[in-house]
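Protein chains in written order, with the numbering used here: chain E, 223 to 609; chain D, 223 to 609; chain G, 223 to 609; chain R, 223 to 609.
Treat the hints loosely; a few may be bogus.
One copy or two, it doesn't matter: identical chains are merged, so the pair holds either way.
With a Cα cut of at most 30 Å, we get these calculated BS3-like pairs of lysine-lysine [unchecked claim]:
1) K379 <-> K590
2) K379 <-> K320
3) K480 <-> K491
4) K606 <-> K590
5) K590 <-> K320
6) K433 <-> K590
7) K491 <-> K590
8) K590 <-> K489
9) K309 <-> K489
These are calculated hints, taken from the structure and not from any lab test.
There are 4 protein chains.
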Amino acid sequence: MARLGIYLIGARGNVATCTIAGLHALQHGLAPATGLVTATEMFTETELANLDDIAIGGCDIVATPLEDKARALAEDRGVLPPSLVEKLRDDLRATGAKIDRAVPFDGNGAPPGGYARFADTFGSTLAAFKERSGAEHVVVINLASTEPSIPLSDVHKEDVSFAVALRANRTGIATQSMLYAWSAFSANASFVNFTPSQANDVSALAMFAAKQKLPHAGKDGKTGETLVKTTLAPMFRGRNLNVTSWLANNYLGNADGKTLSEPEARKTKLASKDEALRSILGTGTHLGTDIGYAPDMGDWKTAMDLIHFEGFLGVKMSMQFVWQGCDSALAAPLVLDLARLVDRARRAGESGMLDYLACFFKSPPGTKIHAFAEQLALLESHAKLWR
Amino acid sequence: MARLGIYLIGARGNVATCTIAGLHALQHGLAPATGLVTATEMFTETELANLDDIAIGGCDIVATPLEDKARALAEDRGVLPPSLVEKLRDDLRATGAKIDRAVPFDGNGAPPGGYARFADTFGSTLAAFKERSGAEHVVVINLASTEPSIPLSDVHKEDVSFAVALRANRTGIATQSMLYAWSAFSANASFVNFTPSQANDVSALAMFAAKQKLPHAGKDGKTGETLVKTTLAPMFRGRNLNVTSWLANNYLGNADGKTLSEPEARKTKLASKDEALRSILGTGTHLGTDIGYAPDMGDWKTAMDLIHFEGFLGVKMSMQFVWQGCDSALAAPLVLDLARLVDRARRAGESGMLDYLACFFKSPPGTKIHAFAEQLALLESHAKLWR
Amino acid sequence: MARLGIYLIGARGNVATCTIAGLHALQHGLAPATGLVTATEMFTETELANLDDIAIGGCDIVATPLEDKARALAEDRGVLPPSLVEKLRDDLRATGAKIDRAVPFDGNGAPPGGYARFADTFGSTLAAFKERSGAEHVVVINLASTEPSIPLSDVHKEDVSFAVALRANRTGIATQSMLYAWSAFSANASFVNFTPSQANDVSALAMFAAKQKLPHAGKDGKTGETLVKTTLAPMFRGRNLNVTSWLANNYLGNADGKTLSEPEARKTKLASKDEALRSILGTGTHLGTDIGYAPDMGDWKTAMDLIHFEGFLGVKMSMQFVWQGCDSALAAPLVLDLARLVDRARRAGESGMLDYLACFFKSPPGTKIHAFAEQLALLESHAKLWR
Amino acid sequence: MARLGIYLIGARGNVATCTIAGLHALQHGLAPATGLVTATEMFTETELANLDDIAIGGCDIVATPLEDKARALAEDRGVLPPSLVEKLRDDLRATGAKIDRAVPFDGNGAPPGGYARFADTFGSTLAAFKERSGAEHVVVINLASTEPSIPLSDVHKEDVSFAVALRANRTGIATQSMLYAWSAFSANASFVNFTPSQANDVSALAMFAAKQKLPHAGKDGKTGETLVKTTLAPMFRGRNLNVTSWLANNYLGNADGKTLSEPEARKTKLASKDEALRSILGTGTHLGTDIGYAPDMGDWKTAMDLIHFEGFLGVKMSMQFVWQGCDSALAAPLVLDLARLVDRARRAGESGMLDYLACFFKSPPGTKIHAFAEQLALLESHAKLWR
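Excised from the complex, chain E in its bound form:
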């Protein structure tokens, strides 16, 4: 089997640390494949890349040693099992040592040296990773912090105009995530956006990916509350129960939570969260979604939802749920899944935004299907084509 390379943007973050530790643990047979969708029956004999044939690397703007990060996660109510972290110490040190140093954009939101140089440098970095890891194909996965959105204009409509603008270094036309996606496509790598940032969800980038005959996917990993919401909401709809209000609270304590305690960032995130529910329940439901930062929660996340619905003759009933998940542990196996699936798609000659991967994302472009069970049925149908 040809070797697959996973290149993580934000490779020293919590999700990345879990992904890297987890891949090593799986390769050493130290943990079962729990949480990997690609380890379910659905993918038997679909010729996904073997876990043993995967190399992992990436870049980050910080330099925290990976094994320190892993220990901190172990200390945070066992996001990683403490004993596993000890066993993986050498692997984490070795993989961590090879993580590239990412170049951050400056205070004006521009890359030092200009867009084109940033793209070129990243292209070389990817090439070096490919060479070093012996990978036949590289999937770049964006796990960096959520960026503020920038307004899109004509320049973003077509790949050619965008390329021209990049080369002309026109101020404010590209975010970091867009640039990583662009550079990945240039370097013949596939791209997955696991964050709510714009990245590849821009017409110019989609067009470029299509020309390069590369598959890509996104955006915003569906790991927790939205997963539950898009599972439960179709139940109410299927029973013709009238959901009059869905009041949702998300509490989280990590860097993501801090970012989201800013009203602007929160607004983007909330819109994305409400969109899924709205599309399933229609406009008659009063949606009240909020996100709160609780610094003591670390990498854990609690969602508390209160759902009011009317049944027969208008009788008012309610349902609550509380989801207590560990965000990184929920995201990490999906990162491995997406890499394997996008890689398989490329080998099958597929390109463009892979809409059958909708079940992995909060805001999958190119599909209106948000109900999780329907999304899963879509994935299953596609998996059959690969046999």
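With chain E's structure known, arrange chains D, G and R on it following the hints.
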């Protein structure tokens, strides 16, 4: 459109009272069709019986006036809206007056006068209802209290041997629900079992229904916690999350709750409840299901479920949900749905146990599909055939 | 026993309707005294006014018939029992007919005709109520909608300067609630502020009450979530458990909820809510309190609190609670309690802000004690003095 | 300050491991005193034993190395912080090495060699511990698994008759916990029973303690759900809200949970749990308490309580709470507290069952006070006497 007759066994119980009040309210345009699956888009142009073309009646062993029952439900935190009950007073009185008096089995679990006579009498009762209501087709729906199960033997395997045994009045071979189903089929009526009693889920009865070319359905309406469970469990399975325990508590206060506070009755119910979860999650999950009787809860039901699951690398997470539903209000529209669907099936020439109605039941015989979304997809496919 | 008159500001609101209906029900022996603190053992032989010796009345700016209001509450999941409302129809009509029409302030927040005239008119209204009801003593209780706060200045420090300013009709120096309190004291009536409005919690008013030798109490009835918070927080403190965050959500659907969905009004309310917790837990706890308006919730209120705490060696644990209360039903008996207690205090010759009534309020001026059990012990000690 | 020795029965169990690790951590300044009641202001200048002047030891029937136990707790979602366990490795090894091997009773529930010899041997063991640790006073604390109760007879009424029976080795008259208490008193040590076993809650033992002028305390540490229950129930009572049902579920996964999944053991535990609530709420409340064993929960415990109550005019409301605690971490600091308090009592010349320690126990003999706030006030009053 030909007229449909609904005949309820247990016509003065809570579910029946809600069903009757609701049908009248819908016919008078006093309430929206919330809660009726058959009022969703799925059934557009499928030629179901119009709500206006439905006559409703039934029998009960008690004689409580229907309007008193309805008022009590209004008083119980609005199971029926108090103002609606006032508006429907005359209808409730009129329909209530025509409810037949059911003959209860005696202390030895046998009908006074023997099985055959019971069946004949019920046949005449049904014929009278059909005549009186101008119905072209009658659907008998069992809403009576859950019975203890009886052991099945060779006698129950074939309709012929069962018929012989009935006529010979062999002690202990038939429960009330079986006898109602048998009599319904004899009288050319369809049958739906909304309770966990054995009724039509017996080989001899299924065979008889087939011979009579009648459709039937069951068993045990999926109204609350099991609905949620069979919606959520596939989510965990779909994400390959390892559900290590699912601890469920059901509290209820009505007659059903009292019956279920008896260890024997509870055992049957719990087995049925666990079966659905087991079939979705497999044997690795520790299931702890319990039912508690809280007399102060009236017709309301609260389910509190605590779910523990392992994600990537074994990290332990949890989810809880609390479902606060009004049992009768959840069941009543499904009773109307089932009557319309079984009626439509008969008009389409279908007979036997209708497995595509699985989404309405906790224990649908003849199918292994318990995941609610899959059941709903099955129903949708079938509805398309009726267009 | 001398007759007690209760005069409600906002006499056609939900709380007032429940209070009036409840008093009539208790006087007719149609309901037990559940919810009345003054019906507990603590008050045996303390010579509180008999419920039969209480007359109730009040004023409102709206004219909705009281029996319509009561019916609407019955329809809202039984805030009042539907059958009770029918039985009380005549009483509600009779009492409702005598409710005075309140004069609202104009758009500039001033009474038409000036402060002095407003006060005089209200004085005459109170005198008429006293005469009509045969009451020896009147307790005015503010149940009107929460007002925005006004800034306090020198004018509010002393009763004399405030009286001068009122007579001079100086713009913006008095809110409606302050004016009602002032007028009540002028008319020799006691005053209770059940809302978060400023009312009698102003130095000039306290001074005036003292001069008039009148007792008064406030502010902001402690009916739901704060009651639970001030009961639970001392438990954590008593066990030296470090509450690192207390994340609270309050959802409500009534007029109060709508008012509080305005950021300004919410801010005042939230500050008041956090104050109690802060005083018990200290500054080390991250408090995240929010209020959400869910129009479908009617008079019902749900609080969902998530509490994180650290125990021995820093181990992180959590507790959640969900409070599903009916606001008016929780408040109404406390209104009767407060009238009886303030009346008893006056007969005992007590005057000024009654700090031993702290257990009834979210923001009791003149005491730092917020722990509910301590507040209750305080009340119990005082009750003993009355024997 | 004279040195205090703590001798734990069940010294390799989870609670003991946390207690020992915690004491070492506190002595090294590696953790704050969170969770210790004796570290609160209430005990300023009450001359409790300094934490630095405490020696800890004990006995167990198993031999698992203490550091292995501590590591397993670290792995179980951080019951002990993983990094702390590493730092304490040497201390745990040293203290663990000195833990005595306890002699288990045989299959007939009798000590090999007879009661008297068991008592003598344990007396010598205690003397050796005292000598070795330089303690002036030893407090023996029972942390062993809950035993089945034995029936009490005349023999248990007085210390003299019990002593005679012990020496005569009369079959079945003493449980292990009774014998430990007896031996402790013989050896001039104080005794605390942290479990629901009978131990010192037997007339003969109380009499012996009194003669020996030794203080003692018990029984069954109030660490979780009962703590919350006895905090919340008085709130309902104080507001005259009629609690119609209190439905409680306790899920736990440790050895204690396994023991309690046995119907007999559960019955004893549940009776004890209901007793507290019953004493506060009276007989009108429907109590439904259950305990479930969920092996995946490890040392964590979740209580899910559903409380229904009636307010004014009978309106039905509800409250739920979910307590997610780590049992050992909640118990361990109380073990240190109790040792310090009992030791202080002895130095103050107090003897007998210390009823002012009721706040630490589910079933404190000798007091009817179960409300936590009242119990705490009692403790505070007593602490003042020590200044």
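Hints, verified against the model:
1. For a Cα distance limit of 30 Å, the shortest separation of K379 from K590 inside one copy, 21 Å, qualifies, whereas the shortest one across copies, 50 Å, does not.
2. When the C-alpha separation of K379 and K320 is checked against a cutoff of 30 Å, the pair qualifies neither within a copy, at 36 Å, nor between copies, at 71 Å.
3. For a Cα distance limit of 30 Å, the shortest separation of K480 from K491 qualifies both inside one copy, at 13 Å, and across copies, at 25 Å.
4. For the homomeric pair K606 and K590, the shortest alpha-carbon distances inside one copy (22 Å) and between copies (22 Å) are both at most 30 Å.
5. Neither within a single protomer nor between protomers do K590 and K320 lie at most 30 Å apart by alpha-carbon distance, with minima of 40 Å and 51 Å respectively.
6. Taking the shortest Cα distances, K433 and K590 sit within 30 Å of each other inside one copy (25 Å), while across copies they are farther apart (46 Å).
7. In this assembly of identical chains, K491 and K590 lie within 30 Å of each other by CA distance solely inside one copy; the values are 18 Å within and 40 Å between copies.
8. In this homomeric assembly, K590 and K489 come within 30 Å of each other (Cα to Cα) only inside a single copy, at 21 Å, whereas the closest approach across copies is 38 Å.
9. For a Cα distance limit of 30 Å, the shortest separation of K309 from K489 qualifies neither inside one copy, at 42 Å, nor across copies, at 44 Å.
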